[in-house]
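If you want the building blocks of each chain, they are given just below.
There are 2 protein chains.
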Amino acid sequence: MNRVVVIGGGFGGLLAVRGLRGADVDVTLVDRQNFHLFQPLAYQVATGALSSVEIATPLRQILRRQRNARVLLAEATGFDLDARTVHLGKLANGEELRSLEYDTLVVAGGSAYSYFGHDEWAEFAPELKSLEGALDLRSRILLAFEAAEVELDPAAREAWLTFVVVGGGPTGVEMAGQIGELARDTLRRDYRVADTRKARVLLVEATDRLLGTFPESLSRRAEKSLTSLGVTPMLSTTVVGVEEGAVELQAGDGEISSVPAHTAVWAAGVNASPLARLLADASGGETDRAGRIVIEPDLTLPGHQKVLVVGDMAAIRDQPLPGVAPVAMQQGRHVARSIRSGANTPFRYRDKGNVATIGRSRAVADIKGVHFSGFPAWVLWLGLHLFYLIGFQNRLIVLTRWTFSYFTRGRNARVIHRVPR
Amino acid sequence: MNRVVVIGGGFGGLLAVRGLRGADVDVTLVDRQNFHLFQPLAYQVATGALSSVEIATPLRQILRRQRNARVLLAEATGFDLDARTVHLGKLANGEELRSLEYDTLVVAGGSAYSYFGHDEWAEFAPELKSLEGALDLRSRILLAFEAAEVELDPAAREAWLTFVVVGGGPTGVEMAGQIGELARDTLRRDYRVADTRKARVLLVEATDRLLGTFPESLSRRAEKSLTSLGVTPMLSTTVVGVEEGAVELQAGDGEISSVPAHTAVWAAGVNASPLARLLADASGGETDRAGRIVIEPDLTLPGHQKVLVVGDMAAIRDQPLPGVAPVAMQQGRHVARSIRSGANTPFRYRDKGNVATIGRSRAVADIKGVHFSGFPAWVLWLGLHLFYLIGFQNRLIVLTRWTFSYFTRGRNARVIHRVPR
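Chains as they are written, first to last, in my numbering: chain A, -11 to 409; chain B, -11 to 409.
Misleading hints may appear alongside valid ones.
[Claimed, not checked] Each computed DSS-like pair below joins lysine-lysine, with the alpha-carbon atoms no more than 30 Å apart:
#1 117/B x 212/B
#2 78/A x 186/B
#3 78/A x 294/A
#4 186/B x 294/B
#5 186/A x 78/B
#6 117/B x 78/B
Honestly, the hints are just simulated from the structure, not real lab data.
Source: prediction; values computed, not measured.
Based on the provided sequences and hints, a complete structural model is requested.
Here is the structure:
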């Protein structure tokens, strides 16, 4: 029996496992978390529109009827490619738990955002890629409004009502738009002292436009939509410092300014999973600037026909691909097909288009060269996300929450779970 | 304008604030949390049946249309009854934030479970009264099954599959029943190595029967229902030690035994909010054995006509009442009426009955002397809890989850948020 070990239950890994359903193989999925995170909606958890559970489906539940698959909750700590073994460590301390032998290995460790060598900024500007980051951000954002309500000094209150979102990609744009809506619509009547409509949301982007992977006309459209929600896009601007209570920005002309703000959100850069480095070390392979392992066009690790790498942690040699869910999903399906057929074939990404939402009835879409925005793009976005969300119950509940939010502009998932400072 | 300050947004405090809607007063609600917790369903969060957000409604959302009410997120750190002032501290460090003057003060700080002087047990046996405790327990319970799945030694696996619930009141009974169902029904097909149906659930109760506030026949009925779910009620048994991996129990005959178990749940004893002690110190009043402040029959603090105390943290002189939500709710409404009328009248508790659920289609009810159990009691329990849950959206979503769970025996909120060890 072909023993397939898949590391990582994100889009790439999960689709690989599901693609092997019914095949004559024995699949073990290893993840550090017991759930598959629907990361494209993490920003909605961060802004109180959805509950964490609604975008996190237990892996065991997804795979319970796939009899050839099992799940192990553990951390992959090393690879021995000659012995065809993965070392697994305990979650809490990484202490050696056991080793797992494989005939075929699929590594899908994903990526995180990159603080560009300033990991100390993470404390003040949590990233928006993990469920933990999203919940942390939710607490910080809501606590900022609470602090503004009890603060008696106007300047200090203004710093509590200033939010800096770093990164003008889809996640940063969506997050900035949602904070804008939260302040202007949802919370407007909730406070008595703080005027939440005066909240400032700065969206910082290093290049000269938002949504760099979209056509330029849609970037401009998104800028306009954001501005109407009270968001200030700051283009050609980079972050040069983040500390408690302030973010330092450098404008295109080199001028540095300090913005008094207690809440910052990080959604920029790419930092591949450390598994990429481990794989490179084990195989003598190379990683690129973002820490991604360089792989062959058929998604194999160079020199290792039975080791496949998919998703954000991999860079196909001479074939740059965006780090988005559809790439990981298609690669996951592709390796499942390779394993079923026993032959590795080159992967080709089929770009079906791009959609990004900015707020209620505001979105931009680029589907095979057809550009549109506003309500139609927003409805497309809703439909796609509901479709790809896993589980009928989650779809129903998310649809319920969105319907309520649409009509009431409310956000019910406004629980502050912890006090981070 | 009568300035009313209410400390605590639980059942008692919230009902007091809502009872003042439209009255010619100025209400400030102070809480350390930004939500009202529907504590009777916390055990469903702990066992993955519900999401935290579904039982935690933002206080600001509840009160947004009550124009005479405002909410402050802060910690009450002291009372100056002569100066009619409450001191408020910052959430993170208790550091003085500001003082709040009042004409009428309502204190509703609630209670926690009591570890009977062994607070060091809390680390290994979290309590089931706060949202944080419920989420911590959810992670621990689910991680125990995960650990059993990777554990190769049968004895060690058994310790991971042993759960000790301390306290045979409604919460302990409900929790034990739910862990039983989780192991026997929900997770049965999720694991490949661990046989979750072999999980042991021990329900430890110091007295000679479960559900002490119910008629004895219903206690026996509950025992039988629990046993059929694989729960072992251990009556006349006390906990004498809790540590990592083991719980020490003392039977009625004095014999001490150590049970290898990694997961323990605490739902016993009563420990009034520290605000009771602060009030006693400020007024020269007294607290009882459970730390509750002794108050007058009209719910006033002795000698202070304008200071009212409601809910679990108070004990009316010579009038013992159970520490349950209906008491707090009726007291909250009562003080609102007293404030509206300007005259304090004696409080009388109207006991409308008792319902406790054990599992799917299993419950016991005692409504004004009429005892019943099984499906009718269970439907009554469902209806009551949906009715008292705050917010139409939450009701709809909880009903959706319960309907799915009823038919599929699934529990979708099985997210492990953190790794506690």
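Hint-by-hint comparison with the structure:
Of the pairs offered as hints, the one joining residue 117/B and residue 212/B holds, with about 26 Å between alpha carbons and a cut-off of 30 Å not exceeded. Restraint check for residue 78/A and residue 186/B: satisfied, since their Cα atoms lie roughly 24 Å apart, inside the 30 Å limit. In summary, the hint linking residue 78/A to residue 294/A is supported, as the alpha carbons are separated by about 26 Å, within the 30 Å threshold. Between residue 186/B and residue 294/B, the direct Cα distance comes to roughly 57 Å. Violation of the 30 Å bound is thereby established for this hinted pair.
Straight-line distance between C-alpha atoms of residue 186/A and residue 78/B comes to about 24 Å, which keeps the hinted pair within the 30 Å bound. Restraint check: the Cα-Cα separation between residue 117/B and residue 78/B comes to about 23 Å, which is no more than 30 Å; the hinted pair holds.
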